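Construct all of the structure, not just a fragment, from the sequences and the given hints.
First to last, the sequence lines map onto chains A and B. Start counting the first sequence at -16; every next residue gets the next number (the numbering used here). Start counting the second sequence at 82; every next residue gets the next number (the numbering used here).
Hints are computed from structural coordinates only; laboratory data are not their basis. One should not assume that every hint holds.
[As the list claims (entries may be wrong)] One-sided excerpt, in silico: chain B residues whose CB lies under 10 Å from chain A:
#1 Pro114
#2 Thr124
#3 Phe169
[What the hints assert, rightly or not] From the structure, some residues in chain B lie toward chain A, with a derived Cβ separation under 8 Å:
#4 Pro126
#5 Tyr131
#6 Gln135
#7 Gly139
#8 Thr178
#9 Val181
#10 Gly184
#11 Gly185
Values in this document were obtained by computation on a predicted structure and should not be read as measured data. Heads up, the beta-carbon is just placed ideally off N, CA and C, and yes, glycines get one too.
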Amino acid sequence: QVQLVQSGGEVKKPGASVKVSCKASGYTVTSNGISWVRQAPGQGLEWMGWISADNDNTNYAQKFQGRVTMTTETYTNTAYMELRSLRSDDTAVYYCAREEATVFHGLDVWGQGTTVTVSS
Amino acid sequence: QSVLTQPPSASGTPGQRVTISCSGSRSNIGSSPVNWYQRLPGTAPKLLVYTNNQRPSGVPDRFSGSKSGTSASLAISGLQSDDEADYFCAAWDDSLTGWVFGGGTKLTVL
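Set out below in structure tokens:
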């Protein structure tokens, strides 16, 4: 069974960084791309960016360029999203999602979400 | 605020049919397939419909999707209490070169 399990909630101060992990099981993380999506309180879902299956390509939403880094780690079958220079409006639930591109184009399996709270 | 527009809420009684709409533009729904997701509180979103009207294995045929022009809709027939959840639509946006989502519709089964 394909599953993505994310790391636990984090509380950070403004200006700090957070690194969220997304461990894949039931498939190899390097066989599909991974997208990261967030949802701030009372807001809709927001796509942050994508890392390719081979870890060679990334495509970050313009809003996050320069502040976000997405990586994958083959030997632990885990994807990571690091967001730097945190602000209060980065408080959100962050999701990883597997990118399906053969049968259809979409995000077919999602992690359970990681709550990141930015507060002084 | 979301790129795709959904009604914030919908409701129905057990056994009824409800429809949730999702409106976009030429750069997203107008040029890309639409996928629908169900999210129960505190759980991972679950793919419900892909490529406008296809159901993944295991999703009951009570759930159906359609698309016309720059709008799409999700229909749920034979409403059950277990269907109480948030539903959101998603599509690739060619202008933004990224995924865009609806704001989500909270379905209440009365």
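Hints and how they fare:
Annotation: interface hint on Pro114 of chain B holds; nearest CB of chain A at approximately 7 Å, less than 10 Å. For Thr124 of chain B, the interface hint holds, the least distance from its beta-carbon to any beta-carbon of chain A being 6 Å, beneath 10 Å. Checking Phe169 of chain B against chain A by beta carbon gives a least distance of about 6 Å; that is within 10 Å, so the hint holds. About 4 Å separates the beta-carbon of Pro126 of chain B from the nearest beta-carbon of chain A, less than 8 Å, and the hint is met.
About 5 Å separates the beta-carbon of Tyr131 of chain B from the nearest beta-carbon of chain A, less than 8 Å, and the hint is met. The interface hint given for Gln135 of chain B holds, since its Cβ lies 7 Å from the closest Cβ of chain A, which is under the 8 Å cut-off. Given hint, Gly139 of chain B at the interface with chain A, is violated; its Cβ is 11 Å from that chain's nearest Cβ, farther than 8 Å. For Thr178 of chain B, the suggested interface contact is upheld, since its CB lies about 7 Å from the closest CB of chain A, less than 8 Å.
Interface hint at Val181 of chain B: satisfied, since its Cβ lies 7 Å from the closest Cβ of chain A, which is below the 8 Å cut-off. The beta carbon of Gly184 of chain B is positioned within 8 Å of a beta carbon in chain A (closest approach about 4 Å), and the interface hint is therefore held. Look at Gly185 of chain B: its Cβ gets to within about 6 Å of chain A, closer than 8 Å, so that hint holds up.
Of the hints listed earlier, the one the structure fails to meet is number 7.
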